[in-house]
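S.K.: Here's the letter readout for the chains.
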Amino acid sequence: MESKTQMIIAVLLTAVICIAGTYVLINGNSGGNNNSNNVSIVATGSTTVMPLMTEFQEEFEKHSKVTISISGGGSGVAAPGVRNGSADIGMLSRDPTATERDLRSLIIAKDGVVVIVGANTGVTNLTLEQIAKIYQGEYTNWNQVGGTDQAIRPVIREDGSGTRDCIDTAMKTVAGFNTNNYNNYPSQSSTGSMISSVTGTQGSIGYVNLGAIKDLGSATPLTVNGVQATPENVINGSYASLSRNLVLLTGNNPSTATQSFLNWIMSAQGQAIVEAEGFVPLPKTDRP
Amino acid sequence: MTPDEQSVFKDKLAIDQDGIIEKGLIAGISPRSIYNRLKTEDRAKLILTATVVITVAVLFFIILFISYNSLDAITQIGMWEFLTGASWSPGSGAYGASSLIVGTFLVTGGAILFALPVGLGVAIYINDVASPRVKSVLKPLCELFAGIPSVVYGFLGIVVLVPLLLDIFPNHLSYGYSWLAGSLVLGIMALPTIISVSQDSLAAVPRSYREASMAMGATKWETTRKVVMHSAVSGIAAAAILGIGRAIGETMAVMMVTGNAANFPEPLWNIFDRVRTLTGSIALEMGESVHGSLHYSALFLLALVLLVIVLTVNLSARRIVRRTKMKMGEIAKPSRETKIAQMMSPITKSFEAVSDRYKETAVKIAIYAFIFAFAFMISSLFIGTYGGLAIGVLAATILFISKKLSKMLGPKHVQKVVYSSLGVVVLAVVAILVVFLAIIFVRGMPAMSMDFITSPPSHSGAEGGIWPAIVGTLELMLGTALIAFPLGVCSGVYMSQYAKDSKFVRVARQAIDALKGTPSIIFGLFGMSMLVIMFGWGYSLIGGCITLALMVLPTIIKTTEEAVSAVPAELSEASAAMGASKWQTISKVVLPAAMGGVITGFILSVGRAIGETAPIMFTAAVAFKTTVGFALFEPIMALPYHLYYLVSEVPGATDNQYGTAMVLMMIVIVLFAAASLIRRTYNKKVGW
Amino acid sequence: MDINIPIRKNCITALIGPSGCGKSTLIRVFNRMCDLVEGTKTEGIVFFDGENICKPNTDVLALRKKVGMIFQKPNPFPMTIKDNITYGPKLHGVKDQKELDEIVEESLKKAALWEEVKDRLHVSALSLSGGQQQRLCIARALSINPEVILMDEPTSALDPMATAKIEELSLELKKNYTVVTVTHNMQQARRISDYTGFMYLGRLEEFGRTKDIFENPQNELTKRYVSGIFG
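Protein chains in written order, with this note's numbering: chain Z, 0 to 287; chain E, 127 to 814; chain L, 150 to 380.
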């Protein structure tokens with residue numbers, strides 16, 4: 000056989016195998032995906048909501064045959080995941096943005112951002128203005144805000160984090176705040192790594208969500224403007240500047256399994272877990 | 127062929143027949159008859175060729191997908207702006223990648239600066255000093271070193287190295303996470319590659335060179351330094367560049383310890399500052415970016431830049447190796463000299479004569495300058511510019527004195543000093559490995575229990591076990607093996623037995639080499655953009671298997687090719703002389719003889735694959751999925767990703783972190799042990 | 150091994166014998182290259198300049214400087230021609246460029262290679278032909294001014310033309326150096342050597358003037374070997 004003909008046949012052959020294989024696989028899959036009796040739920044998004052979600056999952060799987068997979072990634076992936084079908088539920092640690100309003104959203108809990116500091120700062124309270132000036136690089140030593148003589152080492156969350164979004168929005172209410180200095184700070188991609196970075200660094204400052212308060216280790220939570228970050232203060236509005244909603248996104252036609260899971264989350268049983276995890280359950284009046 | 131293999135083979139034929147039928151119908155001829163007319167010979171060759179075509183297609187598709195996805199960023203940001211912009215802050219719309227590119231080179235450079243001398247030292251020790259018994263311990267240790275998953279290195283970096291550095295440099299390291307930590311972890315990771323490749327090239331230097339040098343009264347060390355290393359220089363350069371290639375593309379470990387601050391160190395040699403690499407940015411932000419947004423596209427553009435850098439590095443490695451070989455006369459220079467070269471030849475010749483005369487002086491000056499600069503940069507971080515200058519001069523003086531001293535000592539004593547210090551280096555490297563393993567196993571033991579192995583995680587992974595992750599990893603391993611084995615082995619056989627010096631083969635060879643050097647995160651992005659998004663599979667087991675299989679494919683092809691080529695030609699000649707056809711010879715004589723090597727290489731590559739995090743974190747792995755089952759289109763938990771998740775999300779769960787790392791290491795060690803057992807039995811059986 | 154052999158100054162001594170008889174092993178004892186093989190044991194005495202060189206405390210490096218060696222296959226280093234020759238002198242402490250240049254020229258002239266390579270000293274030694282490479286190896290050995298030159302089948306990898314040149318060179322060399330050559334080519338031994346030793350199974354069967362060994366061998370084995378009845 001001529002080697003040229005052979006080559007051509009080989010190429011065509013390969014192309015056909017690839018295309019046919021792909022066709023079969025995609026068809027086979029999308030058939031399964033549109034099935035509304037799907038007993039598998041995939042949730043993706045905010046790393047703040049994720050630990051809460053795993054508690055829901057653990058409890059919910061005890062009562063039903065539904066399988067739930069959960070992945071992090073940040074609030075930014077929630078909507079795209081739901082839209083392209085790779086996820087059934089998107090998790091947000093903020094309110095949906097204008098571009099996300101086409102999806103169904105459900106507020107499942109409230110949360111506050113807790114400012115935490117590492118060892119040796121000598122500080123227990125900061126005003127929002129002081130925090131903003133620390134993060135924009137104006138204050139570089141704790142003695143400038145009434146603490147010990149110790150360099151301030153800010154830690155931030157990555158771009159796209161709902162927690163960062165919340166505190167940045169609050170800091171932007173302080174005149175002249177900018178994020179020009181953010182490139183000098185280590186950027187942590189999750190709540191957990193934020194805590195380990197702050198506890199491992201002398202004179203550091205960072206922020207986590209309310210639910211993480213029980214895991215702080217040697218880091219200390221601060222009061223902001225004299226108000227402590229507690230569920231009560233989030234509910235009564237005195238910690239409003241640093242609080243936010245935890246939201247779940249779904250497609251407009253969620254599967255029955257997804258819907259039953261959401262209903263269960265909003266039930267007394269689900270909301271009890273919210274409280275146990277250190278977040279703020281919704282007031283009974285707000286529950287559907 | 128065993129009955130099993132036969133049935134696999136028949137299945138393959140069946141698929142191919144269908145393929146031909148579809149095509150043939152379009153063309154209006156009867157393809158089945160054509161296919162049936164083909165002899166077994168040609169059918170075999172056809173199938174083997176097809177597998178090679180697939181491999182080439184993979185590279186093409188990777189480049190296509192990465193480029194296509196980065197188009198938006200190129201048109202909206204502009205290539206020049208992107209490459210030179212200093213600020214990387216996607217949230218505020220700033221996409222300047224220069225600090226990331228510089229960060230990548232700084233971390234890699236630091237790693238090589240420390241790994242190359244250490245690795246070369248160990249290689250020399252293994253080659254010159256180690257007894258056969260010590261050698262037989264060191265080489266597998268080295269392989270195991272290479273098999274430790276990146277995420278485990280990152281984990282050890284966080285729990286061991288970062289606190290250690292903070293203790294050593296309390297005044298200079300503000301966060302512990304730093305360029306220094308990144309370079310150290312990367313350097314340790316690059317060590318095994320550098321050791322094994324440079325040791326191979328040292329061992330390949332003909333014995334006669336050594337003898338000639340020793341016969342003139344040179345000591346072993348003088349011979350190694352002046353003749354053996356000189357002859358092996360192309361191999362050592364290749365080792366260095368392969369190490370660099372691996373380091374540039376490394377994701378998880380780097381991301382976990384460098385601090386990820388997208389800025390330039392201040393001053394540029396401040397190893398205590400935090401840096402961010404290209405791979406780190408992609409892994410860190412890909413999860414956050416909205417599909418189709420400018421940020422998403424910019425991350426693909428980062429991947430494209432990374433791919434270009436890695437391919438350039440690997441390509442220049444081959445160039446350098448070729449050129450040094452040509453200069454040494456090991457391969458012939460191209461016979462055609464261009465007219466310009468001919469006209470220039472008197473000039474180049476006289477230049478060569480002059481450069482030869484001053485070469486040594488130049489090298490000497492360069493060494494002193496380097497030592498001075500290095501000492502200055504490091505010490506100036508501690509004691510300021512003037513102190514740094516003083517230390518620099520001091521270092522250069524010490525070098526000068528030690529050279530004089532070595533002359534006074536005489537070659538024999540110098541050899542003793544050098545070899546014993548190399549021994550210390552080897553001990554240190556072995557100690558690092560042993561300490562790593564010991565830490566994981568000692569601290570992982572408390573977590574070990576039946577419950578930990580067999581139950582799903584609970585409370586975000588802080589409690590409970592890792593059963594779904596173990597199952598997921600084993601499923602990934604199986605799937606990867608099923609896809610990669612037939613493709614890789616067939617391509618390898620083709621490349622060693624059928625490949626002639628045709629254009630297609632040259633392209634295929636280049637593509638395989640390029641794929642081999644491609645960073646694992648690029649495979650991850652490719653898998654994500656094609657399987658997860660375009661095909662709409664979401665995160666799925668099969669997506670992970672395909673991505674991992676593509677990643678290990680080139681390695682399997684290479685090891686298969688080597689194993690098959692190592693079968694002595696006499697064997698196939700003997701078979702051919704009895705009237706066997708080529709395919710009969712290959713399938714009945716060559717392949718069975720090479721199977722030991724093929725399977726060993728295969729197991730080692732699968733061992734590497736299952737430890738990978740970057741390729742599966744965007745294609746297959748989720749943080750939680752407590753049920754277990756073999757569902758191709760559902761996401762899975764996997765040990766490496768679970769470890770990464772626990773380390774970054776659940777700081778309190780130390781026991782479970784170490785436990786997960788320990789189980790992962792145990793699986794890797796079992797695979798490596800199996801591989802070396804198979805190699806040993808086969809080596810005994812065939813004996814060449 | 151049971152050997153007692155005198156090596157005379159400024160003569161060529163040839164060792165002949167069938168494969169595996171121990172000629173090469175013996176010659177490697179003369180500059181202690183035998184040490185490189187692991188597990189070697191040496192018994193007996195080899196006197197050189199009034200010293201027993203088989204003593205454990207012998208300065209092997211100094212010995213090898215005085216007793217050079219040429220190997221079976223030409224083995225120039227993969228460096229330039231010049232670097233090949235300056236390797237030895239530099240090793241033993243010569244630094245001056247001028248002096249090195251002189252050594253290069255002198256050694257190459259002694260090895261009858263100067264005329265062929267003087268214009269391309271900066272070319273890789275591996276680009277030379279086999280015969281030239283072997284002469285380069287001889288020049289390399291001469292560069293450190295040895296007293297004795299050991300040749301271990303120096304022409305077995307060369308064609309007849311190149312062999313003739315090496316033989317001619319050997320005859321020239323014996324004016325200034327003592328040469329010991331191992332060869333399995335009896336005719337070569339006959340052509341160039343002054344003394345010949347015939348070895349068989351690790352024993353020196355006969356030693357004497359070359360003429361005597363070939364024309365009037367005393368030993369029955371020697372007779373049969375040189376007349377081609379066995380071997």
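Check before you lean on any hint, since a few could be wrong.
Stated by the list, open to error - Pairs of lysine to aspartate or glutamate, EDC-like flavour, derived with a Cα cap of 16 Å:
(1) L:K267 to L:E255
(2) E:K485 to L:D245
(3) L:K247 to E:D781
What the hints assert, rightly or not - Cβ-Cβ distance ranges computed for the label pairs, FRET-style:
(4) L:E265 to E:P332: 19 to 29 Å
(5) L:D198 to E:R445: 34 to 44 Å
(6) Z:D148 to E:V561: 29 to 39 Å
(7) E:G705 to L:N365: 51 to 61 Å
(8) L:R269 to E:V561: 51 to 61 Å
(9) E:L239 to Z:E128: 37 to 47 Å
(10) E:G418 to Z:W263: 48 to 58 Å
(11) Z:T126 to E:T580: 45 to 55 Å
(12) E:W206 to L:E265: 25 to 35 Å
(13) Z:K171 to E:K490: 35 to 45 Å
(14) E:P718 to L:S305: 33 to 43 Å
Claimed, not checked - Simulated coverage check for chain E against chain Z, where a stretch passes if three residues somewhere in it have a Cβ under 8 Å from a Cβ of chain Z:
(15) 214-222
(16) 386-395
Just so you know, these hints were derived from the structure itself, not from any lab. Note that the Cβ used here is the ideal one computed from N, Cα and C, for glycine as well.
S.K.: Against each hint, give a clear statement of whether it holds in the structure.
M.R.: Here's how the hints hold up against the structure:
1. Our distance criterion of 16 Å between C-alpha atoms is met by L:K267 and L:E255, whose separation comes to about 11 Å.
2. For the proposed pair E:K485 and L:D245, the alpha carbon gap of about 14 Å is at most 16 Å, so the pair holds.
3. For the given pair, L:K247 sits about 70 Å from E:D781 by alpha-carbon distance, which is inconsistent with the 16 Å threshold.
4. L:E265 and E:P332 have their C-beta atoms about 24 Å apart, which keeps the hinted 19 to 29 Å range intact.
5. Evaluation of the 34 to 44 Å hint for L:D198 and E:R445 yields a failure: the beta carbon distance comes to about 52 Å.
6. Between Z:D148 and E:V561 the C-beta distance comes to about 37 Å, which sits within the given range of 29 to 39 Å.
7. A beta carbon spacing of about 58 Å between E:G705 and L:N365 agrees with the range 51 to 61 Å that was offered as a hint.
8. Remark: the range hint 51 to 61 Å for L:R269 to E:V561 is upheld by a beta-carbon distance near 55 Å.
9. The hint said 37 to 47 Å for the Cβ distance between E:L239 and Z:E128, and at roughly 45 Å that hint holds.
10. Distance hint check: the CB atoms of E:G418 and Z:W263 are about 33 Å apart, inconsistent with the given range 48 to 58 Å.
11. For the pair Z:T126 and E:T580, the beta carbons lie near 52 Å from each other, so the given range of 45 to 55 Å is met.
12. Judged by the Cβ atoms, the range 25 to 35 Å given for E:W206 and L:E265 is violated: they are separated by roughly 56 Å.
13. Taking the beta carbon of each, Z:K171 and E:K490 are about 59 Å apart, not inside 35 to 45 Å as hinted.
14. A hinted range of 33 to 43 Å for the beta carbons of E:P718 and L:S305 is consistent with their spacing of about 38 Å.
15. By the rule of at least three residues with a Cβ nearer than 8 Å to a Cβ of chain Z, the coverage given for the stretch 214-222 of chain E holds, with 5 such residues.
16. Three residues within the 8 Å Cβ limit are the bar, and the stretch 386-395 of chain E against chain Z gives 4, so the coverage statement holds.
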